[in-house]
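With the sequences and hints as input, model every part of the structure.
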Amino acid sequence: MKSKHIQTLVFLFLVFAIFTSQILLGQNKNTQSYPFFSHQGYVVLLTDLHFPYKQKNIERLLNKITEIKPQHVFLLGDLTEMGSNEEFEGLKNALSIIEKAQIPYNSLLGNHDVRWSYVVRKSKVLENSDSFSKGLYEVFSTEVGNFI
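Per full-length UniProt numbering, numbering of the sequence shown is gapless, rising by one per residue and ending at 148.
Worth flagging that the hints you see were computed from the coordinates, not collected in a lab.
Watch out, some of these pointers could steer you wrong.
[Said to hold, decoys possible] Now the in silico label distances, taken between C-beta atoms and shown as ranges: (1) Gly41 x Thr8: 35 to 45 angstroms; (2) Asn85 x Asn63: 21 to 31 angstroms; (3) Thr8 x Arg115: 44 to 54 angstroms; (4) Asn111 x Thr8: 35 to 45 angstroms; (5) Asn85 x Ile6: 50 to 60 angstroms; (6) Asn111 x Ser141: 50 to 60 angstroms; (7) Asn111 x Val43: 21 to 31 angstroms; (8) Asn93 x Thr8: 46 to 56 angstroms; (9) Ile18 x Tyr53: 30 to 40 angstroms; (10) Thr8 x Lys56: 15 to 25 angstroms; (11) Pro104 x Glu81: 17 to 27 angstroms.
[What the hints assert, rightly or not] Below, a list of computed lysine-lysine pairs in the DSSO-like style, where the Cα atoms sit at most 30 angstroms apart: (12) Lys64 x Lys92; (13) Lys92 x Lys54; (14) Lys54 x Lys69; (15) Lys56 x Lys69; (16) Lys92 x Lys56; (17) Lys56 x Lys100; (18) Lys54 x Lys100; (19) Lys92 x Lys69; (20) Lys100 x Lys69; (21) Lys64 x Lys54.
Where a beta carbon is used, it is the ideal one built from N, C-alpha and C, also for glycine.
In structure tokens form, the structure reads like this:
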């Protein structure tokens, strides 16, 4: 019985929190707002794209990202399905959407990108890009902060 009361209280608290946050943030139905009251900008984290799987969805997602205009985009592993040069080339072409919008991005490789080996597969696309990771980890700085 206590469990049901706790669940009810948690549910009511969440409804109250959502309702009051909408009022405090002055959300207007005619304008798009984001769930932050005060901030310095946005970053976007994308994981497990598995390109070229659902390529059109990925391209739509990248177009939506350009509307948000984040300070930086981070691609966090499993960018491709099999880690082939063709897949990386296709992904690089898709990422031109955010490049044209002058949104900086960095990426780290996942197990699908390196084909489950300890040695990163060499790719001409990777070697010639500052935005793609050159190894299993990377240290870099952006205007948003420092990252490992």
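- Query: When the hints from earlier in the document are held up against this structure, which numbers fail?
  - Reply: 6 and 10
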